[in-house]
Amino acid sequence: MLASPPRLHIPDGFLTTAISALGWLLAAVLILVAVRQTRRQLNDRQVPMMGVLAAFIFAAQAVNFPVAVGTSGHLIGAALAAILLGPWAATLVMTAVVAIQGLLFQDGGLIVMGWNIVNMGVVAAFSGYFAYAAARRLAGASRSGTLAASFAAGWISVVVAAAATSIELAASGTAPLALGMAAMSSVHAVIGIGEGIITAAAIGLILAARPELVGAGAHAPGGRSAVVVLSGLLVALVVASLAPLASPSPDGLEAVAERSGFLGLAQAAPFQILPDYTVPFISNPVVTTVAAVMFGTLVVFGGAVLVGRLAARRQPTGG
Amino acid sequence: MHFDLTDQYQPRESFIHRLDPRVKVVGVIAFILAAGLIPVGSWAAFGILWILSIVSSSASRLGWTFAVRRSYIALPFALVAVPLLFTVPGEVIFTAPLLGWTVSAQGLDRFLSLILRSWIAVQAAIQLTAVTPFPDVLWALGALRLPSMLVSTIGFMYRYFFVLADETARMLRARTARAANPEGRRGPSPVWHARVAGNMVGSLFLRALERSERVHAAMLARGYDGRMVSLVERVMRPVDWATLIAAVFLFAGLVAWAHRI
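Residue numbers (the working numbering), protein chains in the order written: chain A, 1 to 319; chain B, 1001 to 1261.
For the record, the hints were derived by calculation from the structure and aren't laboratory data.
Treat the hints loosely; a few may be bogus.
Among chain A residues calculated to face chain B with C-beta under 10 angstroms, some are [as the list claims (entries may be wrong)]:
1. 31
2. 93
3. 142
From chain A, some residues computed to sit far from chain B (all C-beta separations above 12 angstroms) [to be verified]:
4. 11
5. 45
6. 97
7. 134
8. 137
9. 189
10. 200
11. 213
12. 228
13. 230
14. 231
15. 234
16. 294
17. 296
18. 299
19. 301
Coverage of chain A stretches by chain B, computed from C-beta distances (three or more under 8 angstroms per stretch; other residues unrestricted) [unchecked claim]:
20. 15 to 28
21. 34 to 43
22. 46 to 60
23. 106 to 119
24. 201 to 210
Where a beta carbon is used, it is the ideal one built from N, C-alpha and C, also for glycine.
Extracted from the complex, chain A is given alone in its bound form:
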């Protein structure tokens, strides 16, 4: 049981009731927008198509592959859905997946399901879609550029969703933010490699068999709103992660965690040069961790763009 990779499904009890209600509110608004956006595109095909593709994501999550002794990797699928269907449709598909997992298999709670939908649906789908679109624009629309962009989308969607999860846990006082985010995002940085490879290989096969489906992703509903939604979510998450620090008396989790040496893992050297009392925000391990996650995301994104471009130059006819 412990060998299975930690999953992002938050069970009931791990978030406070107020935070859970906030998550449902956010999820409800975003689901309503997603329903409206996809209806415009799909019309009466909406229900059968979204339903069967949600079943596809659920089944695809069962396609596991051995990583090391006793552990196996598997897909979350939000980035794949976002590349193929656009971010709003992917949000709906992932909402159905999370709902079935919670309702039928008790994988993730019911009261906290709003946040599970936001994390694995909205955050993962939009960050994956945005990473894919941006990387593909920079790396070129060649076959290798598309595959590199798909890898980046898979990896980034998982890591960003994990970071978002740790913020919600911290806001509920369940795990200190710096430690939670460092643990969550470093574990998922490894899991994300599998997600990236599977996403890229799946896109590669679809590109070979039905190339018009991958092209369609570019015109899928929500392409333009992706930037707006994603930046809104990022601002909200950053504000949420910094808000406890701004209050005069935080609940002490961070301070005690730091004193007990628990946070040594999360701290990077460059930020420790700054004295504690002048710039409390920068010296804070939370900011350091957030910066580290952002830095890692940029490195993977840049690396994917570079690999995509180099590979495309080597095979100029690829596509």
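Given chain A, put chain B in place with the hints provided.
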């Protein structure tokens, strides 16, 4: 495969099985809310809530320990709450050897309360799907005014994931049959495995998409116009109302009592 594909419904003849699905859905949500609202360290209130859960398990003829036996599913997640033990300030009751980390009484209380909440809540969720056929749960969600498009999408997913899971199982079996792994030789790298898995996911997507097109065409042939029509109609009986009101008052009273003591 990491999920159980057998249906979770346990057919029995019981008062709870016969309740209106709306009552069961609202009741379980109220129960989980109550578990979340009981303050840290109210062990008596947590105990009463858990006793209510096993009493209902027994009343629905599932047996006292039905939900308890399946409740380990949320436990691995408890790992994220372990830092609470060491980071909540308070009276030190234990010092870890070598590391010097201290466990406070308050930290232990918060950690145990959190695990208890999660453990009790998951038992209620397990019982909901055990005593209510899943299509009835979905019907209740629709009747409780969830967007109908979302409810019918989830319903479609429920209908087709058994089909697609079978398809996946066949593909996995074919992969195992093709990929002989002689002893004493190193197998292919994880990256190779991940690529094979990815190709399987890609072809599964194409099959699913084509299936959704066929399903849509079949629905159009039967007169589908974008609205899901259902013949199911249920009326809340007096006993349904009585159970609902009793359950909500019981949970609210328990939470209020736990806050007073």
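(request) Compare the structure with the hints numbered earlier in the document and write down the numbers of the violated ones, lowest to highest. (result) 3, 4, 5, 6, 10 and 11
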